[in-house]
Amino acid sequence: MNAENRTVTFELLAGIERQAGCRYLAVQVTSAATVGDALSALQRAYPKLHDAIERCACAVGDAIVRRQAALPVDSPIVLLPPVSGG
Amino acid sequence: MTDCMQRMGEAPLDINALLALSEYPDCGGLALFAGAVRNHHEGKAVQRLIYSAYLPVCERLLAEIEAEAKTKFGVSYIAVRHRIGELAIGELAIVCVVQAAHRAEAFAACRWAVDAVKHGAPIWKEEFYTDGSSQFVDGCCLHNHDDEENHGDEKHATHHHQHKECA
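Chain order of the listed sequences is A and B.
According to numbering that gives the first Met the number 0, the stretch in the first sequence is residues 0 to 85, in order.
According to numbering that gives the first Met the number 0, the stretch in the second sequence is residues 0 to 166, in order.
Bound-form chain A, shown alone (with noise of 0.2 Å):
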């Protein structure tokens, strides 16, 4: 919500977490306010995952949030990529 420096942390699953070969990344952040802004940095950080980071869907505990959604204080923004289940 403002310009403060701080570290968010992803958690990664399944294929993107195959891609990546870890399941968390973190990224020092100075400017972001929202989910999508924090998103914009991993990419900038990981390019190779750019594609696939597009692709998925972000939650925060059990709850999926939007781009726009404020970055959350304490939660890692989980990465959700395309499903397959059933």
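Hints are not guaranteed to be accurate.
Derived coverage of chain A by chain B (criterion: at least 3 residues anywhere in the stretch with Cβ under 8 Å from a Cβ of chain B; other residues may be distant) [claimed, not checked]: (1) 4-18; (2) 54-63; (3) 66-80.
Partial pick of chain B residues on the chain A-facing surface, computed with a CB cut under 8 Å [as the list claims (entries may be wrong)]: (4) 46; (5) 50; (6) 51; (7) 56; (8) 81; (9) 117; (10) 120; (11) 124; (12) 137.
Hint data in this document are derived by calculation from the structure and do not stem from the laboratory.
Yeah, the Cβ is synthetic: ideal placement off N, Cα and C, and Gly gets one too.
Got chain A sorted already, so can you dock chain B onto it with the hints?
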């Protein structure tokens, strides 16, 4: 909104336990869908698969789908369950049971609920093939740029989009 019942788990799905046949004497129609693991995908021979899920959203969503199906179709009972973990060919991945006064609303609610789970629940299928390879099956995007611009309230259970992996 969300109860404490677990609708996702690693235990094999038990259809009989979900039928609730004697509990709804006002219901004359019972619809059942059971989705099992297929031994083929796009021409490749599938040996087994692993379902993984983001459970916090899945549990809430499945409870909401059950509740919405009841009000939307006026059915008396619905149970939707999805299995996670490693499954062999022929094992059940998803079961949906609906009881209603008549068959029409039972069929309709059952189909709608299964579609809602397939399109909206963060569940992923990793297939392992007989040639030793494996892959996460490409599926339905939960993230939709158009929805972000236009919708006041995201309703994954009812959205419409194009995708190939929803047979």
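Exercise. Check each numbered hint from earlier against the structure, then list the numbers of those it violates in ascending order.
Key: 4
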